[in-house]
Every structure is written in C-alpha cells, then in structure tokens.
Amino acid sequence: MSKSFKENAPISAEQFMDELMRLKRGSVTRRHFLGVTGLGLACAILARETGLFSTPAFAEDLSKQMSIATWPNYHDPATFEAFTAATGVAVEVNVFGSNEEMLAKLQAGGTGWDLFVPTNYTISTYAKLGLIDALDMPKLLNYSAATETARFTAEGVIDGTTYAVPKNWGTTGIAVNSTKIKTPVTSWKDFFEIAQGEGDTRVMVHDYQLTTIGNALVSLGYSFNSIKPEELAKAEELLVKVKPHLYAINSDYQPAMRAGDAWMTMCWTNDGAQLNRDVPEIKFVLGKDGGEIWSDFYAIPKSAANKPAGYALLNYLMDPSNAVKEHIANGAPTTDSRVLSLLPKEVTSNTIVYPPEAELTPLEFGAAVTLTDPARAEVMARFKSA
Amino acid sequence: MALAINTKRGMVTAALVAPAVAWLFIFLVLPFIAMVVFSVGDRAPEGGYQPAFTFAQFANLPSRAAAFWNTLVLAPIGSLLCLIVAYPVAYYLAVKATPRYRLLLVSLVVVPFWTSLLVRTYAWMYLLGSRGIPNLLGMIGIEDVRILNTPGAVLLGIVYGYLPLMIMPIYVNLEKLDRRLLEASADLGAKPVSTFFSVTLPLSLPGVMTGLALVTILLLGEYLIPQLLGGGKVFFIGNALVDLFLQSRNWPFGSAIAVTLVVVVVFVLLIAMRIAWKIAGTRQVDLV
Chain U
0 MSKSFKENAP ISAEQFMDEL MRLKRGSVTR RHFLGVTGLG LACAILARET
50 GLFSTPAFAE DLSKQMSIAT WPNYHDPATF EAFTAATGVA VEVNVFGSNE
100 EMLAKLQAGG TGWDLFVPTN YTISTYAKLG LIDALDMPKL LNYSAATETA
150 RFTAEGVIDG TTYAVPKNWG TTGIAVNSTK IKTPVTSWKD FFEIAQGEGD
200 TRVMVHDYQL TTIGNALVSL GYSFNSIKPE ELAKAEELLV KVKPHLYAIN
250 SDYQPAMRAG DAWMTMCWTN DGAQLNRDVP EIKFVLGKDG GEIWSDFYAI
300 PKSAANKPAG YALLNYLMDP SNAVKEHIAN GAPTTDSRVL SLLPKEVTSN
350 TIVYPPEAEL TPLEFGAAVT LTDPARAEVM ARFKSA
Chain S
0 MALAINTKRG MVTAALVAPA VAWLFIFLVL PFIAMVVFSV GDRAPEGGYQ
50 PAFTFAQFAN LPSRAAAFWN TLVLAPIGSL LCLIVAYPVA YYLAVKATPR
100 YRLLLVSLVV VPFWTSLLVR TYAWMYLLGS RGIPNLLGMI GIEDVRILNT
150 PGAVLLGIVY GYLPLMIMPI YVNLEKLDRR LLEASADLGA KPVSTFFSVT
200 LPLSLPGVMT GLALVTILLL GEYLIPQLLG GGKVFFIGNA LVDLFLQSRN
250 WPFGSAIAVT LVVVVVFVLL IAMRIAWKIA GTRQVDLV
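Heads up: the protein sequence lines correspond to chains U and S, in order.
0 is the number of the first residue of the first sequence in numbering that gives the first Met the number 0; add one for each residue after it.
0 is the number of the first residue of the second sequence in numbering that gives the first Met the number 0; add one for each residue after it.
Derived by calculation from the structure, the hints in this document are not laboratory data.
Since we're looking at a predicted model, the values are computed, not measured.
Glycine included, C-beta positions come from ideal geometry on N, C-alpha and C.
Careful: at least some of the hints might be erroneous.
As the list claims (entries may be wrong) - One side of the interface only, derived from the structure: several residues of chain S facing chain U at Cβ under 7 Å:
1. Pro50
2. Ser129
3. Gly131
4. Pro133
5. Asn134
6. Asn148
7. Glu174
8. Lys175
9. Thr209
10. Gly230
11. Gly231
12. Phe234
13. Ala239
14. Leu245
This is chain S alone, in the form it adopts within the complex:
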C-alpha cells in the first residue's frame, strides 16, 4: 500500500518536474554539449565549423587575454559601483519612504525596464558625445571633457543599465527588516550610524550578495554597452565572442572561449557564494 502511494507520488512529481527538465536539457545541456564539441573542432575554409579533434582553439586563448582581463576587472567594478548607488536608494525605499509613495517610487525604478536597453544606451551615446554633457560642461568653463568611448562611459552605462537589478534584491531584503531590532539597538545606546553598520547592513547582506551575483554574472557576458559606449575599443569577452561568430566566422574558437567563460563564471560564482554565505550566515546566527 505504502509503496503504491510512493510510486504514485513519484509519478506525479516526475510529471510536474518533466517540463522543467526537458527545458533545461534542450536549451541548456544540448547547446552546451554542442559548444564543447565545436570547441575541439576546426574552422572550415570559408568559415564556420568542420569536425576535428584538436585543442588548438584552447591553446589560442591567450590571444584574448585582454578581453578576459577587461571583463574580469570591469564587471566586478561595475557591480560594486552599482551597489554603492543602489544601496541608499533601496534603503530609502524600504525604510524611509512612506507606504503612500513607496509604490510610486518602486515603479519609477522599474519603469525604465519597459524600454529596450538598446534604445536607452543609444540615448547615452548622445548624452555623452561632445554635443551632450561635455558641451554643457564647456559652457561653465570646463573644456574638452571626453566621456564617450572611454572605460568610464562603459561603467556609467553599466551602472545605469543594471541599477534596477541591484536595487530590487536589496529592497526586498530590507523591507523584511524587523524594525524592533533597530529600536532594540537604539535602546541599548547605539547611535544611528553604528546601528546601521552592526544591524541593518549585516541583515541586508543576503540581498546585497544576490544583487552582486546577479549583476556580475550578467556583466560577464555583456556585449551591448561596451560596443555602443566604448566605441569598439573597450572590449569585453562578450564582444570577442560576437566578433568570432559574426565577423571571423571562427565557430570553434568562439566555442572554446564560450566554454572557458562558462567555467570562469561558475568558478567566480562558487567563490562569491562561499564568501557570501559565510559572512551572512555567521552574522545572522549572532543576531537572532
């Protein structure tokens, strides 16, 4: 009898999980296998892929070291800048804003998402070009400011584009914050600043870590913002990939880089998670 119930339950579970498994298999596992197979192949004479078994593509990886380096430096810097800008906003939304305005303010954060990032990044091209912000600066005597097509412009675009993805997890986390803990801290004589650093901030770390992981992972594959705001000079590994598939038509080398990128992302993510849960975990135990 018990066995029958178990089998039945098992079948229901299997039926419920099947679509997700099929989805992951078709759209994640199979493409990844294809990528690995391509990465040990050769470029066909006119471009594309021809079967082979060689590690020549992986041996060529150092030629893209600069792009990997750019990505691995600018992605974390970008997400940290995002965090610095996003935290006060999320804090204000969750803690300071009155419920009446909160909904309005949260929608103001989300609404830009309704317009394509491509269009918004194009708008930045004009804002940062010499007829935009540099022109205004010129009027007040700050001449010859160059913003467009610099790493700074790319970082600005990144912070702008990914801000909502950072604000939301922190906001959700802070919103759940038990106000009584803040009162307790004040009752025990802590000044607002030390309450923030020893109570609020540690409690919001899971949100911070989620935001950082989300933004960093997306940035590791970023292509559009460096292309438009970096003038094709600030090169991310995503740009190298696009180049290999859409210009050089070197699918095997592109696949090798993609495989490497996946490995790097998993590696970065594992380390980040370890650190994150270590900090967040211990602090939480201390407090509760």
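In isolation and in its complexed conformation, chain U is listed as follows:
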C-alpha cells in the first residue's frame, strides 16, 4: 500500500482543536498531542534556533511538572497552556484566599510550589523567615526594572536584593449588584450598614484578615492597618454583629455574585473588572473613607522542587507580549509601562482598572505587621467561629 496522501500534510485547524480538546480532557497524553500536531517537532527545532528561546532558563532541564500558588480567577488559563506547549512543562495551579494561608503552608513545609503570588506587605516577612529565594535576575531577562512603577514594586526589593517581581497592582473595593441594591454605596461605612439592612443575608466578606478586619476598621474611621487593641475590639464587635446578616465568608466570591446569590461583596480590582465585564449591573466602587491599594508579586519559595521551571514560567510571564494577554483576561492594572503601552484603549480607559488618582488617595498599602500580628489573626478566627 502506498502512504496515505495525508501522511505528511499539516494538521488542519479543526483537527488541531480536536486534539487540543482531547489533551485538555486528558484523553490523550501530551506526547501524543505534541506528536500528532507537529508541535513537538516544531518546538524541538525552535529550541535549537538560537535567539528564539535563548533565555538561560530554557537551556536547563525543566522537567515535566511544576506548580504555582495563586489567587482565584487571577490568570488566563490559556497562558499556562501556551507555556506548556512551548516548554513541555505542565503547570498545576493552586488557589488560595489569603496570604496567611500561603504563609502557613510554606511554614509547615512541603508545598511543592515552584512559584507563588504573595502580596506586597508579606515579602519582608518571607525574606526574614528565609522562605523565599533572592531572585537570580540573569534568569529573568524579560523583566525590566526600568519600566516598572516604583510605587508598586519597591517592596519586592530588600536592601538592594530583589526577592520578588511585580505581577500587577490593584485595589480592594466593593462590588455591588445595582439592580438588587438601590442605596448608593460609596464607603465601607455604607457597606456594613447595607449588609445589615437592604442587603441582609446577601453580602460577602473575604475569608482574609487583612481586608475583612481592615475594611471594618476603615468603616469605623480607623486605619486599615491598625493593631491597636481598642480599635481591633471595635472592629471585632462590628464584624460579629454583622455576621448573622452575611451571605458567606469566602474570598472566592465570583460564583455567588454571578449566580445572584450574593448582591454585594468585598472585591479586588481584577474580580471587579471581570464581574462588570460579564454582568454589567455589577458595579465596582472604592471606599471614599479608605481601603486597600496593593501590588501582588511573583516569588520563588526556597523549598521549590523545580526552580528551573519556576524561573522559566516567571520569565515567560514577564514577557510583555504574554503579560498583556494576562492583563486583558484578568482585569488587573499593570505595573509595567511596556505592558501598558500594549494594552487596548478599552482596558486603559476602564475606570475600574485605572481609577482616577484622586480615588486612590484615601487608600492604604497593607502593612507588614498585620501579617504576623497575633491579635489580628485571633480577631479574624474569633469572628469566624462566633
């Protein structure tokens, strides 16, 4: 028999998608996928081509598997798929609702994470406890310190050593379903009042001490970062009083907001942008009485099992052409002017993502002390078990 005429023909678009879906479902192995689509061969050839993937990280053995710890709804799944297609390294994604939870896991050891996403105020503690590596900057050639906004990146550098590089910045505001809640919400004071009134049993707070206690403090006129016992006692009193009126205490609030089970929630910029994009009646507002402004970073745990892959993924994410897709998908504002210039107008003009500077003025960055302060941890735990 002669060979089928299709034997050496390139794969059609439909077949490619079929094979991709089979791979995603787990029906076929990655080896099969790379073989049948020709991607494996293509990668093998490209890898030899100098100048294309010539970053040092790619030259090392990346192994087959890596793991990242991050936040809910925070990445474009396509990013990881593209990274896997380019490197052969499958990315396992772990999702957390608080920095405390990430810290607890790293302190206990054996996380298996090769990359994770801590928030600005935690990095000094991670470095002090020796839980993260000083980054090997030559492995991150795509990172450009010069184009970063210092306000959002400063906490990644401790005494001149870079421990973490920024992912994006954002704010913690209020997402409110405007068809369900008619009272205007403009502050955290409003938030907690509506939670006990018009939004009774329809409001969510984070399962996260920094924002839940912080915003309760703000609504009472105190600092977001307060650790003063008498102010914390007032915040605890407020939270315990509000608790029976809440819908849930959970940092993964998108499902409940989308389903209409919850009408208002504490909300991060990126979630606010995603919710508003898909459900226009869900608005995102910043508290005029205060709240949080933050930047999230990428860092590599000292205990990482597959550091080459951790660096490779980080370098991949720092490439502006990849980062821009992430930003379009997850809706968080960028810290990198290279990425900003690539973003489409409808993203940069979205006031949820890039609010006017005046709205940011009352906001505070989280303070390192709140992460380790035993009183804040205990207030949160008592509120939840009340």
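Assemble the complex: chain U is given as a structure, and chain S must be docked to it using the hints.
For chain S alone, coordinates are given in the frame of chain U:
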C-alpha cells in the same frame, strides 16, 4: 517443655502484633504526645510553635465555645437524621428486597463513595444555590427560598455524605435477623407494627448504635461540609482547627483545641457505648 511452647507462642503473637503496635505508636501515640506538648507552648512571633509551659491556650478555649456548641449540637442531630433516613433503606435492603435485586441495591448505596466527597459536596453547592432547587421552587410559586449557607444546608450535606456509613451497619445487622422470630411473633398474635417495635428494632439496636457512633465521631471532626455548604458561617470545631493552623498559624492553641476535642470525643463515646450496650444487652437477653 510447656514453658518453651508458651515462650514460642508468645513470640509468634508478639511478631504478629508488632506491626499494629508500631503503627499505633507512630501514627497515634507519638502525634498525640506532640499535640499535648504543643498545647502548652506559645505561638512564635511569626506564627507556628515555640516551647513554653503555659496553660494560656486552654484558658482561651471559651473563645471557641460557639464552634464547640455547633459541633456538639449539629453532630448528634445530623447522625439522628441520618438514622431516620437510613433505617428504612437498610430495612428494605435486608428484609424486603429479593436476593436478586439486593446486590444491585447495595451497590447503589456504595457506588457514590467512589467519587470524592469534595466533588459531591461541590455539586450540592450548585443544587442548593439560587439557580438550583430554589429556582425550581420559584417556578411553582414558592419564592425566595434560601438553602445554601444555612445550618439546614449543612445538615442536608451531612445526611447525604454519611448515609452509607449509617445504612451499612444496620443492614448487616438486619440481614442476620432470624426470620423465625418474626413468624413466632406473628403466631403469638402481634400485628406487624408491634412485631417491628418489639422484635426487629430491638434486635437491630447494635447496628443502629454502631452506625450512630461511627457517624457522630466522624462528624465531630467534620470540616468540609460546613465550609462548603455553610459558607464559612456555620462553623464546626474542625473549621476552627483548620483556621488556627492554616490562617492564624497558632499551633499551640490549635493543639489545645485538638486535645480538648479528643477528650470530648472519648467522653461522648464512652457514654454512648454504656447506654447502647445497656439497652441492646438487656433486650437481647430478654429475647433469646
């Protein structure tokens, strides 16, 4: 000679028992000792444990009274509800079902166990959320029913999740039931209902008690179902424990609560066993 045999037997016994003893020592006794040691320690400044000798952690226990109370109320209610649902099923399987279908029906009870409880509980989140059952109820005019994130949802999840653990012991017990006793009861003029209450039910009490103990003990440490179906608002002591280790990083206080929980479980179990064997024991003597 006799002594030699005894020693030899003793050595064989020791060899056979050794793995179990080692297992219990390494995975039960040692961790428990560690827990007790941690429970009198202090929280390190950045979280975790630092050595100390203090009872401050135990003094702080009242701050988790609500979680203890939730657990001690909802766990028995949950297992009683489980019993009410499980008993008729077990009875049908053991007494009424024809042998042909029995195997099929028993497997239907067991098969859901092959899927992770996590996945099945997630499914309940969607069923109980406003787009699930409340939506269907809305169509027939019952508006604004709220199920998810209430104690009711947690109880439902508990009954669903633990049902097979209740059905199986009762089923096994009822299957051994001597049918001649039922015939004798009928011959002596008892109606089916009184036969059930004076013969079948008392004879199945050991199974009922096993099921109740099994489900209650597991429920006392339950974490997942309240977390997912209670929205973090219906808090069991298991949730308080997870919180202390995975959020507050307060290992000593977490250990103190864990030690207390173990003491409470042992206490509850001892009382339950006493009552159970008292009832079951006397009834059995009366009948046989």
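Closer than 7 Å between Cβ atoms is the bar; does S:Asn148 clear it against chain U? Give me holds or violated.
OK, holds: S:Asn148 within 7 Å of chain U, min 5 Å.
With a cut-off of 7 Å, does the beta carbon of S:Asn134 approach a beta carbon of chain U closely enough for the hint to hold?
Cβ of S:Asn134 sits 10 Å from chain U, so the hint is violated.
Let me know if the C-beta of S:Pro133 comes in closer than 7 Å to any C-beta of chain U, holds or violated.
violated (9 Å)
Interface restraint verdict for S:Gly231 against chain U (beta-carbon cut-off 7 Å)
holds (4 Å)
For the restraint on S:Ser129, tell me whether the closest CB of chain U is nearer than 7 Å.
holds (5 Å)
Agreement of hint S:Glu174 with chain U interface, Cβ distance less than 7 Å
violated (40 Å)
Cut-off 7 Å, beta-carbon criterion: hint that S:Gly131 touches chain U
For S:Gly131, the interface hint is violated, since the closest Cβ of chain U sits about 9 Å away, which is over 7 Å.
Status of the S:Leu245 interface restraint (C-beta, 7 Å, chain U)
holds (5 Å)
Have a go at the S:Ala239 hint: is there a Cβ in chain U nearer than 7 Å to its own Cβ?
For S:Ala239, the interface hint holds, since the closest Cβ of chain U sits about 5 Å away, which is under 7 Å.
Per the CB criterion, is S:Thr209 less than 7 Å away from chain U?
Violated: closest Cβ of chain U sits about 31 Å from S:Thr209, beyond 7 Å.
Per the CB criterion, is S:Lys175 less than 7 Å away from chain U?
With Cβ-Cβ at 44 Å, over 7 Å, it is violated.
Holds or violated: the hint that S:Gly230 contacts chain U, with Cβ atoms closer than 7 Å.
At about 3 Å, which falls below the 7 Å cut-off, the nearest Cβ of chain U leaves the hint on S:Gly230 intact, so it holds.
Checked against the numbered hints given earlier, the structure breaks hints 1, 3, 4, 5, 7, 8, 9 and satisfies all the rest.
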